[in-house]
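In case you want the letters, here they are:
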Amino acid sequence: MKLTPFLFSPFHRVAGALSLGLGLGAIGVAGLIGARQGLHFDGVLDVHVGFRAPWWVFVAEGVIDWICLAVVLLGAGRVISGTAFRAIDLLGTQALARWPTVLIALACLAPGFHRYSAALVKALTGLKPGVVPTLPGGVDALAFWLVTVVMLACTVWMVALMWKSFSHCCNVRGGRAVAVFVVGLVVAEVFSKVLISALVRGL
Amino acid sequence: MKRLPVSCPSCERRLDVKRLVCGECGTEVEGVYPLPPLAALGLEDQAFICDFVKASGSLKEMAALLKVSYPTVRNRLDEVIGRLRSPESEREAGRGER
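Line by line, the protein sequences are chains A and B.
Just so you know, my numbering puts 60 at position 60 of the first sequence, and the rest follows in order with no gaps.
Counting the second sequence from 1 gives a position; my numbering is that position plus 1000.
With the rest of the complex left out, here is chain B:
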């Protein structure tokens, strides 16, 4: 599976989207768009958030699904929250709102 690159291979700064294309008719839109905060997370974090939403946000259900304890899931969620709250993410979110 192709992975969406989110960081610059040269300076490691968060990448922006420059071109979007319609897979149906081929129309292209060009500009500079910041990645949404969730899209900028790693694949494992994204899968975790998807499972979390599917479990109606229940940490207990997530613990049963992942076969780990409740605090393990809680700590995993804290890690993701930490990444979403990192200075770069907040800067990107600010740019996205403008």
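Isolated chain A, as found in the complex:
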């Protein structure tokens, strides 16, 4: 298999129940790796270092992110698509589109990343007028900025996969489809934030 189609068009070959199984597996793995380090995927496009919680909270956050976007795009697809597409294909490929979160979770295991994040948060929350905060340099800073670049790249890649999934499964393209996808992404982000807040409040 060529690299570019594998990276950006995997749904040409994989969809349906297989993609759902692989995608849910990836969401679970990303959640479990995140649980080790307090890394929350607390929104369709969010990743934050936060509070410690039971492992299932981290997995549930990923599942909520997936289901929110998949359901919103399923509804949108039914409205704008001119073809009869299967829900399992969109649900499955949307789950698989989240697999870059595994790479994000792995990247955050880099030594020094969490030390620098904590120092940055401390410096920003304790800002005083006229005082320049000091941050650790060296390996920690390098790790932090490298991980940030990996996070950004993986997030862009994940959005590209989400779009490919929507476009391919519903057979839609063009400006109208892109606009519907962007609106769907925003709506799903809001839904996921609300649901995850409710989940965290209930702990």
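Mixed in with the good hints there might be a few duds.
[As the list claims (entries may be wrong)] Straight-line C-alpha distance at most 30 angstroms; calculated DSBU-like pairs for lysine-lysine: (1) B:Lys1067 / B:Lys1018; (2) B:Lys1018 / A:Lys2; (3) A:Lys193 / A:Lys164; (4) A:Lys164 / B:Lys1018; (5) B:Lys1018 / B:Lys1002; (6) B:Lys1067 / A:Lys193; (7) A:Lys164 / A:Lys2; (8) B:Lys1060 / A:Lys164; (9) B:Lys1018 / B:Lys1060; (10) B:Lys1067 / B:Lys1054; (11) A:Lys193 / A:Lys122.
If you are wondering where the hints come from, they were derived from the structure by calculation, not from laboratory data.
Keep in mind the model is a prediction, meaning the values are calculated, not measured.
Got chain A; can you put chain B on it based on the hints?
Then chain B, alone, in the frame of chain A:
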């Protein structure tokens, strides 16, 4: 393999059949007959439709045969349907029914 030309090389309009010949006795029939819509499709589309019919119209079976996903086959079928529904195809089909 010789390909059946379906479009005019000059104006790109769909070609009609003017002469038919019996390969056995050489009898020739002359007239102007529109190509059937399926014959007017490209070779790849025709092969796809043949495979689709052989698979009893099962997109799932087609996906397994072509080693692609179900939506890929569905989209390919939509493309062929689009070509069959194109204005020229519908005009040709109308002429054929007369």
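Handout entry: Violated hints, by number in ascending order, as checked against the structure
Key = 1, 2, 4, 6 and 9
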